[in-house]
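In terms of our numbering, the sequence shown opens at residue 264 and continues consecutively.
It should be emphasised that the hints constitute simulated quantities derived from the structure, not laboratory data. Small disclaimer: the values here were computed from a predicted structure and weren't measured. The beta carbon of each residue, even a glycine, is placed where N, CA and C say it ideally should be. Any given hint could turn out to be false.
Claimed, not checked - Ranges between beta-carbon positions, derived for each pair: (1) Ala355 to Asn298: 29 to 39 Å; (2) Asp272 to Asn389: 16 to 26 Å; (3) Asn302 to Asn389: 33 to 43 Å; (4) Asp274 to Glu358: 36 to 46 Å; (5) Pro390 to Thr308: 18 to 28 Å; (6) Thr284 to Ser373: 11 to 21 Å; (7) Val371 to Ser319: 18 to 28 Å.
Stated by the list, open to error - Using 25 Å as the maximum straight-line C-alpha spacing, the simulated SDA-like pairs for lysine to any residue come out as follows: (8) Lys318 to Ser289; (9) Lys318 to Ala339; (10) Lys267 to Ser373; (11) Lys267 to Leu283.
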Amino acid sequence: MATKNVTFDPDAGVPKGVNLTMYGGSDFEVNLVVNTTSNAAFDLTNYSGSAAMSKSVAVGATLGITSSFTVGFTSAYDGKLKISLGAVNTRATAEGRYVYDVLLKHEVGSGSTVHPLISGNILVVNPVSSAP
């Protein structure tokens with residue numbers, strides 16, 4: 264399980280670039296530790312998240328969402344969240360390069376704002392051997 268430290272500036276409107284590797288047939292989990300620009304824990308209370316990946320076929324063209332990840336806050340106050348995808352879904356994902364992003368929605372009063380947190384490539388590698 265990978266852990267990535269991410270600096271989040273909601274006013275910038277630009278996601279942090281993070282590339283990942285996913286192994287087919289294995290549970291996929293990435294822990295994210297989100298910090299402010301002054302390197303303090305970003306309080307994610309009143310935030311919700313969504314994440315998805317898509318097979319990219321050319322610059323600017325995609326085939327739509329291939330898989331949606333589960334996004335869970337392990338400690339919102341401390342800026343900790345996890346994105347995951349179960350082994351059944353990773354096994355069904357064809358080998359290759361995908362693009363993904365993680366979005367955060369901040370609920371304030373009766374309104375909300377969506378911010379990009381991270382985006383990048385996911386390299387999906389399928390196993391050669393079977394389990395012993």
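Cross-check of the supplied hints:
Distance hint check: the CB atoms of Ala355 and Asn298 are about 34 Å apart, consistent with the given range 29 to 39 Å. Judged by the Cβ atoms, the range 16 to 26 Å given for Asp272 and Asn389 is violated: they are separated by roughly 36 Å. For Asn302 and Asn389, the Cβ-Cβ distance of about 38 Å falls inside the hinted range of 33 to 43 Å, so the restraint holds. Restraint check, Asp274 to Glu358: a C-beta distance of roughly 38 Å satisfies the suggested window 36 to 46 Å.
Remark: the range hint 18 to 28 Å for Pro390 to Thr308 is contradicted by a beta-carbon distance near 39 Å. Restraint check, Thr284 to Ser373: a C-beta distance of roughly 41 Å breaks the suggested window 11 to 21 Å. At roughly 33 Å, the beta-carbon separation of Val371 and Ser319 lies outside the given 18 to 28 Å, and the hint is violated. Note on Lys318 and Ser289: the hinted pairing holds, with a Cα-Cα distance of about 19 Å set against a maximum of 25 Å.
With a C-alpha separation of about 30 Å, the suggested pair Lys318 and Ala339 falls outside the 25 Å cut-off, and the hint is violated. Using a Cα cut-off of 25 Å, the hinted pair Lys267 and Ser373 is violated, with the two alpha carbons roughly 32 Å apart. For the proposed pair Lys267 and Leu283, the alpha carbon gap of about 10 Å is at most 25 Å, so the pair holds.
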